[in-house]
Amino acid sequence: MTSTYIEKEQSIWRLCLVSTAAITLLGIIIWKILDLQVINNEILQEQGNRRTVRNDVINAHRGNIVDRNGQALAISTPVLSLWLNPREMLPNQQAWERLSVALVDIEVNTDVLWNRMQANAGKEFLYIKRRLAPTEAQIILDLAIPGVYSQEEYKRFYPLHEVAAHVIGITNSDDVGQEGLELAYEDWLQGSPGSKQVLKDRRGGVISEVKINEVAQPGKDLVLSIDSRLQFLAYRALKEEVTRRYAAAGTAIILGVKSGEVLAMVSQPSYNPNNRINLTDEAMRNRAIVDLLEPGSTVKPFTVTAALESGLFDTQSIIDTNPGYIQVDGQTKKDPVNYKEVNLEKIITKSSQVGAIKLGLAMGEVPMLDVLSRVGFGTAIGSGFPGEASGVLPNHSRWSKSDIATLAYGYGFQVTPLQLAQAYMVYANEGLLKPVSLLKTENAVVGERIIDQELARTVNSMLETVVSKELGGTGVRAAISSYQVVGKTGTAWYYNVGGGYDTENYNSYFAGFVPAHNPEIVAVVTIHEPKGEEYGGGQVAAPVFKKIAAGAMRILNVPPDNEAHTHDQISMQYTLPELNQPGIRGEL
Amino acid sequence: MQAVKQQLRQEQTYYGDNWLIILTLLLLCFGLIMMTSASVEIGASLYSDPFYHFKKQLVFIFLGLVGAGIILSIPLYWWEKSSYGLYFLALLMLTLVLIPGVGYTAGGGTRWINLGFMTLQVSEPTKICLVFFMAALLSRHHDFICSSIKGFVVPFLLLMPPVVLLLLEPDFGAVVVIMFAVMAMLFLAGARFWHFLLAALLVCGAGAALIFTSGYRMRRVTSYLQALKDPFHEDIVFDSGYQLAQALIGFGRGEWFGMGLGNSIQKMYFLPDGHTDFIIAIVAEELGVIGVLALLGLFVAFIIRALLIARRNERNRKFFSAYAAYGLAFIFLGQVIINVSVNIGLLPNKGLTLPFVSSGGSSLLTCMAMVALLIKIDIENWSGDQRKPTETV
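Same order as they appear, the protein sequences are chains A and B. Anchor point for the first sequence: position 372 equals 372 in this note's numbering, and the numbering is continuous, going up by one each time. Anchor point for the second sequence: position 286 equals 286 in this note's numbering, and the numbering is continuous, going up by one each time.
No lab work stands behind these hints: they were computed from the structure. It is possible that part of the hints are untrue.
[Stated by the list, open to error] Here are some chain B residues pointing at chain A (derived, C-beta under 8 Å):
hint	residue
1	Leu46
2	Ile71
3	Leu188
4	Phe251
5	Phe257
6	Met259
7	Gly260
8	Leu261
9	Gly262
10	Ile337
11	Ser341
[Stated by the list, open to error] If you want the ones that stay clear, here's a sample from chain A, every Cβ over 12 Å from chain B, calculated:
hint	residue
12	Ser19
13	Asn40
14	Gln47
15	Gly48
16	Arg87
17	Glu97
18	Leu199
19	Lys258
20	Gly330
21	Gln331
22	Gly382
23	Pro394
24	Val476
25	Tyr535
26	Leu556
Positions of the beta carbon are idealized from the N, C-alpha and C atoms, including for glycine.
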């Protein structure tokens with residue numbers, strides 16, 4: 001051993017020193033860990049929440065739309081929308097392959113989806129397919145493919161399909177009202193969506209739900225005045241006729257006389273609101289409220305009313321329509337045949353142009369405009385329906401004879417079919433004007449008297465003759481057995497927007513109510529541009545009215561009022577086993 | 001009495017330090033559970049199998065046990081004898097990995113060689129090679145190294161080639177751990193104190209020089225300094241500081257008792273290295289302070305047992321074994337301290353695994369081999385059948 005020899009075995013102090021250094025380091029580490037985990041952890045947790053806590057929407061259930069009897073017209077059914085997270089799916093080739101196989105079943109084009117996924121590679125949300133039936137979507141969700149998720153949504157379903165499409169309207173792809181009452185009552189129907197707090201991973205996948213921030217408030221149900229049975233009836237009758245006549249369009253309206261409620265309102269052409277493909281403005285227009293038509297001969301009861309009110313005429317007055325035509329300001333207006341000397345009733349029965357013109361010229365425009373505006377023409381109904389038209393009454397600075405004559409037989413101003421129906425409801429209510437409602441009204445509606453009751457009754461009795469075969473009325477095709485129909489035909493040239501009348505095309509109308517005494521319904525049928533030999537209101541629109549009126553009487557169980565025919569039906573009843581034969585039960 | 005005890009010792013079969021074995025098994029179990037929990041999401045997403053990493057880790061544990069068996073059957077004398085062989089093996093591996101086509105690049109470093117059944121991170125076995133090489137050097141040339149400045153410089157000169165090769169990969173983390181262990185070995189072997197201080201100063205100076213000469217390292221350091229002040233500063237949080245910020249969030253969420261095993265949110269793709277280098281953040285998030293301290297406690301106990309084995313060898317004047325055991329213990333200690341420090345933002349990110357816990361075959365096999373070596377050292381010390389190494393030069 002030399003002096004330079006260093007003992008290899010070291011005393012314990014070196015190890016102790018090193019250990020002390022290590023323990024010091026360890027102490028610093030533990031202090032730092034405690035600092036991070038329990039002392040100053042709020043800022044870290046806050047930073048963490050910023051990256052993970054998200055608020056997701058809970059879709060609210062949209063209110064149902066039901067008819068007056070509670071039958072569903074528009075319902076929201078829960079559906080599942082499948083979506084994927086491109087950031088999660090793209091790196092996972094195997095998951096994509098499994099998904100592609102599964103997607104064949106729900107008819108999703110995988111090539112298109114792949115391209116969309118590539119284009120949205122940085123995003124966290126991409127719809128695979130929206131609004132699948134829950135059972136269909138569940139098959140794919142059960143595969144538990146990473147990156148595939150579902151979202152609960154509601155799909156609007158319209159059980160009546162095209163039958164009530166115009167009134168109800170439709171919602172858009174986000175369940176927001178787009179047309180019709182769906183749009184008009186959007187605030188009422190739409191609930192307020194809720195929100196929930198969720199934890200999401202970095203790729204946007206939901207890890208867990210933390211809490212519900214706000215419960216989704218479902219929308220409220222909307223009860224319409226529509227009666228599905230009548231709606232069906234009117235739709236079928238109208239569509240049949242429009243198809244048979246190759247007509248361009250048509251509308252039919254049924255109003256409840258006592259309440260002013262719209263029991264049915266249909267238009268042709270229509271569309272299926274459950275299938276949004278091939279929607280056209282033409283098909284989606286609710287013509288009964290939105291379209292304006294010249295009322296033509298259907299205004300004659302109002303002309304006669306004005307004539308009676310003016311005191312210049314009474315039921316006994318004789319108007320000479322010889323020689324069956326009349327010259328007004330150089331224009332010739334004529335009747336189909338020469339009706340010679342007629343009373344007011346016959347002007348209505350035969351729909352005499354000459355007679356109406358003579359009445360008009362005798363009293364001037366003021367009484368006629370007065371009656372027309374009182375029954376609601378030129379004023380919006382106030383149904384709240386989007387796009388409702390109000391029409392205008394003529395307001396010439398100087399009325400020529402021709403202007404006055406035109407007004408007397410229903411040209412020179414425009415009304416909606418619904419306005420026409422409301423105006424006829426005034427006669428059905430013997431002079432009371434009642435507001436029209438698309439919603440079910442709870443309380444009895446008190447009308448406003450605008451025509452003297454006796455006078456209204458007189459006009460009604462004149463209108464009864466329109467359907468009389470014996471008297472040769474223009475609307476005999478509207479007559480139904482057991483019930484006395486009251487109404488008026490109308491045929492108007494089609495007025496081109498560019499100006500002038502199209503003498504080839506016509507609008508055919510029938511407006512009326514039934515039964516004559518204590519009426520239940522008012523109905524208006526308009527058919528636009530029927531093709532073929534027959535085009536008059538009495539030929540084209542009256543048969544539709546007949547079907548609607550007869551069916552409505554049956555459905556609404558209205559007691560028959562026509563004695564002669566009632567007898568037939570009661571004798572028939574013995575041969576029929578069903579005691580509740582519609583239309584008879586009330587009598588028994 | 002003493003003689004009887006000695007007699008008994010030689011008759012009984014000794015299987016190595018019980019505590020070390022138990023602690024190793026505990027660490028392996030803890031690691032396996034946490035590694036599995038941290039990797040299920042990544043596994044499910046990348047390999048469509050949540051237990052992909054679990055299965056892989058199980059296979060490596062099995063391979064590790066086989067490797068340990070082989071190591072236990074090799075007498076320590078062989079390691080001492082082939083110390084230069086080990087040194088050149090390390091140089092060979094470190095050179096091979098740099099050859100294009102052989103080395104495999106990932107995550108900003110060329111650190112792996114594909115062996116077919118696994119990719120080997122060469123810095124891992126290099127640690128063992130260099131520790132044993134240094135132990136042999138120190139035990140053979142103890143007086144020369146510990147008495148003169150010339151001698152003291154020799155180990156550093158010999159370490160230069162492998163360190164340079166490691167820096168070329170680059171694998172700065174392995175360099176730091178190896179230097180840490182070698183310095184500790186020199187100090188415990190009795191290097192002169194002022195030599196030692198000088199060397200420490202020089203090593204730090206060299207480190208600083210490396211940092212300032214490379215823009216890449218410089219950016220890492222500025223980002224680290226920024227992160228020390230505000231880990232969520234927008235300059236770094238979406239870039240180099242991203243993983244650290246996410247790791248810190250994991251710690252913050254854990255509080256005392258954690259969010260519960262399996263309930264980590266950070267492992268949901270927020271912390272991409274949550275099952276490897278940043279696993280302690282997931283442990284902190286799921287098991288809280290309690291879990292982290294328990295894990296650190298296991299490591300501390302494990303390292304203390306390793307140091308005691310080394311000390312026992314030193315007392316028995318088995319210096320090669322003693323220095324090797326010190327070296328292995330300090331590799332573990334360095335790796336744990338650096339890994340945890342990186343996770344909590346005390347040190348810049350180095351890319352170091354947490355022994356036994358992090359997912360990764362090379363790291364696990366190396367750690368198990370190191371434990372086997374410690375046990376072998378202990379067994380030979382106990383039974384005294386080690387052939388006498390040359391004590392003097």
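Quiz item: Of the hints stated earlier, which fail here?
Solution: 2, 5, 6, 7, 8, 9, 12, 13, 14, 15, 16, 17 and 18
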